[in-house]
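S.K.: Residues per chain, in single letters:
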Amino acid sequence: MELVDIGIKFALVAVIFGISLVVAMYSTYAERKIAAFFQDRVGPNRAGPFGMFQPLADGAKMFMKEEIIPTNATPFLFIVGPSLAILTACIGSAVIPWGQNLTVGDKVIPLQVTDINVGILYIFGVVSLGVYGVMIGGWASNNKYSLLGAIRAASQNISYEISMGLSIIALLLVTGTLSLGEIAQQQHGWHWNVIYQPVGFILFLVCAFAETNRTPFDLPECETELVGGYHTEYSSMKLGFYLFAEYINMFISSAVMATLYWGGYNYPGMDWVTAHVGPVIGPLIGTGVFFTKIFLFIFFFMWVRWTIPRFRYDQLMDLGWKILIPLAIANIVVTGVWITLAS
Amino acid sequence: MESLSNKKKQLTVKPLNFWERAYLPAIVHGLSITMSHFFKKPVTIAYPDEKREFSENFRGMHSLKRDENGKERCTACGLCALSCPAEAITMTAAERQKGEEHLYREEKYAAVYEINMLRCIFCGLCEEACPKEAIYLDGDIVPSDYLRKDFIYGKDKLVEAPLNQ
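Chains H and V supply the protein sequences, listed in that same order. For the first sequence, this note's numbering assigns the number 1 to the initial residue and increments by one for each residue that follows. For the second sequence, this note's numbering assigns the number 1 to the initial residue and increments by one for each residue that follows.
No lab work stands behind these hints: they were computed from the structure. Among the clues, some could well be false.
Stated by the list, open to error - Far from chain V, some chain H residues (derived; all Cβ distances over 10 Å):
hint	residue
1	ILE34
2	VAL42
3	SER179
4	ILE308
To be verified - Distance ranges between label pairs, derived from CB positions:
hint	chain 1	residue 1	chain 2	residue 2	range
5	V	ILE27	H	VAL108	32 to 40 Å
6	H	TRP338	V	SER32	27 to 35 Å
7	V	PHE39	H	ARG312	39 to 47 Å
8	V	ARG119	H	MET64	22 to 30 Å
9	H	ILE8	V	TRP19	48 to 56 Å
10	V	ARG119	H	GLU66	37 to 45 Å
Claimed, not checked - Here are a few chain H residues that face chain V, going by a calculated C-beta distance under 8 Å:
hint	residue
11	GLU223
12	PHE291
13	PHE295
14	PHE299
15	TRP306
16	THR307
17	ARG310
Beta carbons are placed, not taken as given, at the ideal position from N, Cα and C, and that holds for glycine.
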């Protein structure tokens, strides 16, 4: 009995890990294809039908490339950097509720690796660890551009984590729990948190862009100023890991946004559907809906990337400290007053 | 100070209003513009697979023509080389021997005829200069290659295929 549960857990972990990697892999393809469509182009279309095997070809290329460790770099830290980046990107998915509990026979299988009661704090911890990969890599390269990129990444992530945390506090006032599983359950029906926290959602969205180093906040890898930013000196799969970590981060933060604000696996008419198709297919449809939401967010990330130009560094800091943080605090106050008056 | 041309204009930067400073409306507008492009037909022409339609007077690769009996028209007069502004054409003339009448129309022919495609500017002056209507720029785009020497096209590439007897 115990052993079966552990086996199921391991299977779930393996499946989620695999899915994150595949999604990240095909995000690179999607990004190039979507970029092409936004620019009236065709995009990659040579490898396989519609260029579907392009990510495989890219991956093979990354592995085949010569691995260079610069003479003046710190070899150990140089390798630790990308490893840490991909590690922290991957462990974030552990607390995300991917769907309702599956009921197979008399067995209830939760579609969440672990529902720890401080799920949001765990996510925050992982996110703040993520910047160490960039920092260590940039510092170990012993290259001024890498160092500048790393410093930018560090200060940017720290600044935006504050307003991200503050925007979450307002959400916590509404939900009253830190567990992601419970937050997803509470949004059953039409009680999606984005309806109660529209400002909080926009703040969180902006901060998510900054935390994942996506345009318009991709200053750490700003080519025009810093050659390649923190990964200037990286080649081969170590570079691949950095790029990969960015896409996994994007996937995880899309999942977090969908869970926290857009109802997670909930969709209208869910009970009716579950009652008709049974306790196995029903939750799986919910999971499908959840993934649809995630993909819409990923698409939005890419859509914004090809729309908005990069911020200047002082503008970035202005936005973070002078606009987002006061707005987030005001949001907390308004939410607090509203909840007090409502109860 | 009075400007000399009287065209001087004093420009002032208007301060941004609240919505412009908020930036979000501008972002939404930008997103709608990019989205409108998302559904547009790509303008790409996948070149080696499909070709853009050329105009009628398109000037591409040269070809040395044959007459109705399949004889080479060129008589190696050198007018094309003389007219060429890029000095891309060189040739060596030779006299037609007995028994070669079915090959060359005139008594003199080009034994070697070379065009350096890297020098050629496809102006078409050789075409205009030719008194024998022997050279026309009616071919395709010159294909790419790896070595410079391979862009010097000789008669093997320039002369039209012989007529089917």
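S.K.: Next, verify each hint and record whether it holds.
M.R.: Going down the list of hints, with the structure as the test:
no.: 1; hint: ILE34; in the structure: violated (8 Å)
no.: 2; hint: VAL42; in the structure: violated (5 Å)
no.: 3; hint: SER179; in the structure: holds (32 Å)
no.: 4; hint: ILE308; in the structure: violated (6 Å)
no.: 5; hint: V:ILE27 with H:VAL108: 32 to 40 Å; in the structure: violated (44 Å)
no.: 6; hint: H:TRP338 with V:SER32: 27 to 35 Å; in the structure: holds (32 Å)
no.: 7; hint: V:PHE39 with H:ARG312: 39 to 47 Å; in the structure: violated (32 Å)
no.: 8; hint: V:ARG119 with H:MET64: 22 to 30 Å; in the structure: violated (39 Å)
no.: 9; hint: H:ILE8 with V:TRP19: 48 to 56 Å; in the structure: holds (53 Å)
no.: 10; hint: V:ARG119 with H:GLU66: 37 to 45 Å; in the structure: holds (39 Å)
no.: 11; hint: GLU223; in the structure: violated (21 Å)
no.: 12; hint: PHE291; in the structure: violated (21 Å)
no.: 13; hint: PHE295; in the structure: violated (15 Å)
no.: 14; hint: PHE299; in the structure: violated (10 Å)
no.: 15; hint: TRP306; in the structure: holds (6 Å)
no.: 16; hint: THR307; in the structure: holds (5 Å)
no.: 17; hint: ARG310; in the structure: violated (14 Å)
When each numbered hint is compared with the structure, violations occur for hints 1, 2, 4, 5, 7, 8, 11, 12, 13, 14 and 17.
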